[in-house]
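Given next are the chains, with one letter for each unit.
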Amino acid sequence: MRKTLPLTVTVLTLALLPMDVRAASNAGSPHYISDAFGLVPYDNYAASYRSNWSGHVSVFNEGRLDTLAGQTPESDHYNQPAEPEPETLLVFVGPKSARAGVENVHASVIGLDRWGNLIPDGTITRIDPGFDEAVETTSQRGVSDRIFTPPTRTGTYRAGISVANRQAAHASYKVVTDLDSIELELAPQASPIEQETATTLTTRPIQDAYGNPVEEGIAVALTIDHDTGSVSRLNALTSQSIAAHELIARGLPDGLKATLSLGSTRSASSELDYRPLMIRQVPELGWTYLPAIEAMEIHVGPFMTDAGFLLNDGSPVSLLLTFADGSQKEASGWLEKGYFRTLITAKPDKLPAEVTLTTASTHYESRLDLTDQRQATGEIQ
Amino acid sequence: MKKLGLITVWGISVALLVSAMVVASSAYTDVKQRQIEYDYIADALAVPSLKIDMVRWQPSKDSLARVVTEADRETVGTAITEAWNAHAAAQHIGQTAVLADYFTDTALNRAVQSAEMAHASDTRMAVLAVSAEPVFHHLDGTLMQLMVEMQVARYSINDDGSLGLFRLTRETALTTLVEKTSRWEILSHERIDAEPIRLPPSPDTNAIGAMAGINYYPAKTPWRDFWPSYERNIIEQDFNLIADLDANTIRIFLPHDFGLNDNELSNAALAETPFHFDSLKYDSPIKTAASSDARKKRNPTVAEHQFAKLEHLLDAAHAKGLKVIPTLFDLKQDYDLAGWSNDHHKLSRLAPLLADHPAVSYVDLKNEPDLDFQHHGRARVEAWLRSMTMTFKNLAPDVPVTIGWASHRDALTLSNILDVLTYHDYADPSLSAQRLDDILARSADKPVMITEIGETSFTALARWPSSEVAQARKLSARIEALDSSDGIFLWTLHDFPAPDPLAVGQSFWIRQLQAHFGLYGLDGQPKPAAEFVRQALTDFLEGAQHVTTTAPRPDIGLPTRTPEPE
Numbered sequence: 001m002r003k004t005l006p007l008t009v010t011v012l013t014l015a016l017l018p019m020d021v022r023a024a025s026n027a028g029s030p031h032y033i034s035d036a037f038g039l040v041p042y043d044n045y046a047a048s049y050r051s052n053w054s055g056h057v058s059v060f061n062e063g064r065l066d067t068l069a070g071q072t073p074e075s076d077h078y079n080q081p082a083e084p085e086p087e088t089l090l091v092f093v094g095p096k097s098a099r100a101g102v103e104n105v106h107a108s109v110i111g112l113d114r115w116g117n118l119i120p121d122g123t124i125t126r127i128d129p130g131f132d133e134a135v136e137t138t139s140q141r142g143v144s145d146r147i148f149t150p151p152t153r154t155g156t157y158r159a160g161i162s163v164a165n166r167q168a169a170h171a172s173y174k175v176v177t178d179l180d181s182i183e184l185e186l187a188p189q190a191s192p193i194e195q196e197t198a199t200t201l202t203t204r205p206i207q208d209a210y211g212n213p214v215e216e217g218i219a220v221a222l223t224i225d226h227d228t229g230s231v232s233r234l235n236a237l238t239s240q241s242i243a244a245h246e247l248i249a250r251g252l253p254d255g256l257k258a259t260l261s262l263g264s265t266r267s268a269s270s271e272l273d274y275r276p277l278m279i280r281q282v283p284e285l286g287w288t289y290l291p292a293i294e295a296m297e298i299h300v301g302p303f304m305t306d307a308g309f310l311l312n313d314g315s316p317v318s319l320l321l322t323f324a325d326g327s328q329k330e331a332s333g334w335l336e337k338g339y340f341r342t343l344i345t346a347k348p349d350k351l352p353a354e355v356t357l358t359t360a361s362t363h364y365e366s367r368l369d370l371t372d373q374r375q376a377t378g379e380i381q
Numbered sequence: 001m002k003k004l005g006l007i008t009v010w011g012i013s014v015a016l017l018v019s020a021m022v023v024a025s026s027a028y029t030d031v032k033q034r035q036i037e038y039d040y041i042a043d044a045l046a047v048p049s050l051k052i053d054m055v056r057w058q059p060s061k062d063s064l065a066r067v068v069t070e071a072d073r074e075t076v077g078t079a080i081t082e083a084w085n086a087h088a089a090a091q092h093i094g095q096t097a098v099l100a101d102y103f104t105d106t107a108l109n110r111a112v113q114s115a116e117m118a119h120a121s122d123t124r125m126a127v128l129a130v131s132a133e134p135v136f137h138h139l140d141g142t143l144m145q146l147m148v149e150m151q152v153a154r155y156s157i158n159d160d161g162s163l164g165l166f167r168l169t170r171e172t173a174l175t176t177l178v179e180k181t182s183r184w185e186i187l188s189h190e191r192i193d194a195e196p197i198r199l200p201p202s203p204d205t206n207a208i209g210a211m212a213g214i215n216y217y218p219a220k221t222p223w224r225d226f227w228p229s230y231e232r233n234i235i236e237q238d239f240n241l242i243a244d245l246d247a248n249t250i251r252i253f254l255p256h257d258f259g260l261n262d263n264e265l266s267n268a269a270l271a272e273t274p275f276h277f278d279s280l281k282y283d284s285p286i287k288t289a290a291s292s293d294a295r296k297k298r299n300p301t302v303a304e305h306q307f308a309k310l311e312h313l314l315d316a317a318h319a320k321g322l323k324v325i326p327t328l329f330d331l332k333q334d335y336d337l338a339g340w341s342n343d344h345h346k347l348s349r350l351a352p353l354l355a356d357h358p359a360v361s362y363v364d365l366k367n368e369p370d371l372d373f374q375h376h377g378r379a380r381v382e383a384w385l386r387s388m389t390m391t392f393k394n395l396a397p398d399v400p401v402t403i404g405w406a407s408h409r410d411a412l413t414l415s416n417i418l419d420v421l422t423y424h425d426y427a428d429p430s431l432s433a434q435r436l437d438d439i440l441a442r443s444a445d446k447p448v449m450i451t452e453i454g455e456t457s458f459t460a461l462a463r464w465p466s467s468e469v470a471q472a473r474k475l476s477a478r479i480e481a482l483d484s485s486d487g488i489f490l491w492t493l494h495d496f497p498a499p500d501p502l503a504v505g506q507s508f509w510i511r512q513l514q515a516h517f518g519l520y521g522l523d524g525q526p527k528p529a530a531e532f533v534r535q536a537l538t539d540f541l542e543g544a545q546h547v548t549t550t551a552p553r554p555d556i557g558l559p560t561r562t563p564e565p566e
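Protein chains in written order, with my numbering: chain A, 1 to 381; chain B, 1 to 566.
Just chain A, same shape as in the assembly (with noise of 0.2 angstroms):
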């Protein structure tokens, strides 16, 4: 209820006084009354709307201090009723997105009389829960609710609600696919997956225990696990209960395992069928000396893989020299712009070394050499 009620109401109002204030009044005229929000000048609650508030009145004939009790006695007390007839009825129905199968449904209405106060309790209140057959309570402190389990399938339903024949406008309500019991699931892959090649992996339908689908648009997270502590995440909404999730595969090693997860509902982990990455040919070796700190800068690649691109900045290389004289020296780091650069703390004089290189879950065999310092042999293996 948004209106508001005039400040003076006038003899009307008085009329309508369910008890007379004045002869709830024993023994003289009422000076003070008090409710529930405050205290007021008898003359001035009377000629006023407030005269119509329900709840217990006091009644003061006495505008002074009983000094000996410290407060001032009240005349008398009553208790001013609501009238029976709502006119106002305010709706409650919730959750508007109850789970199906899962959640109930609460409708409930407070009703407020023509002076907003809580109807009586006792009041009679129809309430269709809009799926079934509607059914009768009663009021207390002004309101009546049922609780009630909406059906498992999906769908807006509109719950009715009466009081004293009176009927409120409709609510409705939806009830939705439970997130908690689908079931992910990816579907089965046509062809591994190509290195360097947009792929597509897509789920089966995805639905609840009620074979509800998921709504459009709901987020579905594919997470390939790389087995060495990296994850990668991709994110896909769902379109006519299907995610399909896009990616482009460079640099992933073996034995990738990927998990669906919607809210707190994950799938359980499967394997991709991955093709590995290839190399297409051995890089070069060569060498600089740095005089000054005594040191060769060994500078590899360029990396090329059999899909004829280079292989992507960041991924891990490591380098193993073994000198002639048997001591080694190792090195590791990550591509940048397909080529590997790092220092040995070696001089030349120490050269030829044989020279394993590993990277893309490959390793290579080739050498370093004194006099042909940039050029290197090998094979993969």
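Note that these hints are calculated values from the structure, not bench results.
Be careful, since some hints might not be right.
Below 25 angstroms or equal to it, Euclidean Cα-Cα: the simulated SDA-like pairs (lysine to any residue) are [said to hold, decoys possible]: (1) K96(A) to D72(B); (2) K174(A) to A269(B); (3) K297(B) to A269(B); (4) K180(B) to G94(A); (5) K96(A) to N61(A); (6) K61(B) to T137(A); (7) K61(B) to D121(A).
Taking beta-carbon pairs under 10 angstroms as the criterion, some of the chain A residues facing chain B (in silico) [unchecked claim]: (8) P41; (9) S54; (10) H56; (11) V57; (12) Q71; (13) A82; (14) P84; (15) Q167.
According to the in silico footprint, chain B covers these stretches of chain A (three or more CB under 8 angstroms from chain B) [said to hold, decoys possible]: (16) 98-106; (17) 139-145.
Just so you know, these numbers come straight off a predicted model, no measurement behind them.
Virtual Cβ for every residue (Gly too), placed ideally from N, Cα, C.
Could you slot chain B onto chain A? The hints should help.
Chain B in isolation, oriented as in the chain A frame:
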């Protein structure tokens, strides 16, 4: 010619000196009057108020469609507190627009109309406390009904500003709230029943006995610095001095927000405080929270720290055989209706401790509230005093209550609901006995005590306006004049090197006067007044004729400085 010139210079100098003395004398007269009336306290304070949830929750007797969580209790409690505080403010200022933030639908309509009516007809309502039991909670958390038990004060203001009707009730009501965009608003509030909160039978005051007391602050940390800088050793040393003066009681001051701040002390604050807090000894609502396991994992709150200090003070006094009169709402800045629930909350926390501790003789609810009549309105101040007095007496029915009136003219105000009548006597000492006799004649056999008398020893020039000997003489005369009372309390134990300007004002004169009311000087040595007061208090307690300044003094063994000649 030269001689004439010298005479002229001399004459001008004398004239300037006389003028300066006249000006200084005039200023001192004004200050003295203000000192008597302490008006400066009312306009000198600026203490920020705390926002405290007025709702205490009770478990639901019936099962609810939805559990009421701690988060629900916090947000709903805040909504109810803010709603009634806004309603209180709206009655006072007559502006109701703010109510739309806290009330809706029927309740908004009623809140607006009632506030407008209250403002227009000079009536007021203040909610002091709410105890709430949830009886309905909608499954989706958008609607809640509470069966509440509220403590509510209502009063009317007469045309002359005095208090008209006053009513303190415990009432049952049904409050319906609706959640609107993450905040709750009151949709409906209907009163079901209302009963007056009655005064319990008056406690026995015979056990109080005659009191010779000292109003106490430490020398270096008076007023606002007292509790934050509380040091056990200083308190215990000072209590030795008080016992040596043959006093049997101390009157202390708890600031108006004492025990209300539930914020944890920071590590930095704990490192700075000289007071180590371990645990609370006495039962009180605050101990329940402080004793939980969670307490061991966090720093103490400001309130817990304050309670621990108060416990120590009471224990220390008890160990010395001293009784304690706690003054509860010191340095209270205002009487806004919206703050009454905080004050009620404070009393509910303090009352159990004060009721249980053997050192507490009676409680002084408020220091010098009559000085607030002019600034805050007599009706409002008196309604607050009645509300808090009746609240405290219901919380601790065995603890006698007084109000420390600044003037004898108000010493009988609220006397019918008070157990001990007290006032302060700084006015003309020649009329002290007459003022006391007037009060005694109308005291209805209740104990009458003068809880503050005092004299400054401040000397600006040649024992003017006072001196240490004058202080001793005036104090003795006043004690003699008041010896038919049931108690006399001196202001104060120490001179203060730096009186709190927020408590006594910025005036140079007042600060100097206030700095020298002590029985002990800034050097820690007793002033002549200490010796005189000791004997006078001893005589007072023994019911003997007190000594006068002209009578020979026995050697009482106290170290003292040589008094300057009169």
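Do the hints match the structure? See the list:
Taking the CA atoms of K96(A) and D72(B), the gap is near 20 angstroms; set against the 25 angstroms cutoff, the hint holds. In summary, the hint linking K174(A) to A269(B) is not supported, as the alpha carbons are separated by about 54 angstroms, beyond the 25 angstroms threshold. Taking the CA atoms of K297(B) and A269(B), the gap is near 17 angstroms; set against the 25 angstroms cutoff, the hint holds. Of the pairs offered as hints, the one joining K180(B) and G94(A) holds, with about 14 angstroms between alpha carbons and a cut-off of 25 angstroms not exceeded.
Between the alpha carbons of K96(A) and N61(A) the distance comes to roughly 52 angstroms, so the proposed pair goes past 25 angstroms and is violated. Our distance criterion of 25 angstroms between C-alpha atoms is met by K61(B) and T137(A), whose separation comes to about 21 angstroms. Simply put, K61(B) and D121(A) have alpha-carbon atoms about 19 angstroms apart, close enough for the 25 angstroms limit, and the pair holds. Annotation: interface hint on P41(A) holds; nearest CB of chain B at approximately 5 angstroms, less than 10 angstroms.
The beta carbon of S54(A) is positioned within 10 angstroms of a beta carbon in chain B (closest approach about 6 angstroms), and the interface hint is therefore held. About 4 angstroms separates the beta-carbon of H56(A) from the nearest beta-carbon of chain B, less than 10 angstroms, and the hint is met. For V57(A), the shortest C-beta to C-beta distance to chain B is roughly 8 angstroms, which falls under 10 angstroms, so the interface hint holds. Restraint check, Q71(A) versus chain B: the minimum CB separation of about 5 angstroms is within 10 angstroms; hint holds.
About 9 angstroms separates the beta-carbon of A82(A) from the nearest beta-carbon of chain B, less than 10 angstroms, and the hint is met. Checking P84(A) against chain B: minimum C-beta separation of about 16 angstroms lies over 10 angstroms; hint violated. Of the supplied interface hints, the one on Q167(A) is violated, with its beta-carbon coming no nearer than about 20 angstroms to a beta-carbon of chain B, more than 10 angstroms. With a threshold of 8 angstroms between beta carbons, the proposed coverage of the region 98-106 of chain A by chain B holds, since 3 of its residues qualify and at least three are required.
Proximity of the region 139-145 of chain A to chain B, defined as three or more residues with a beta carbon under 8 angstroms from a beta carbon of that chain, is established by the 4 residues found.
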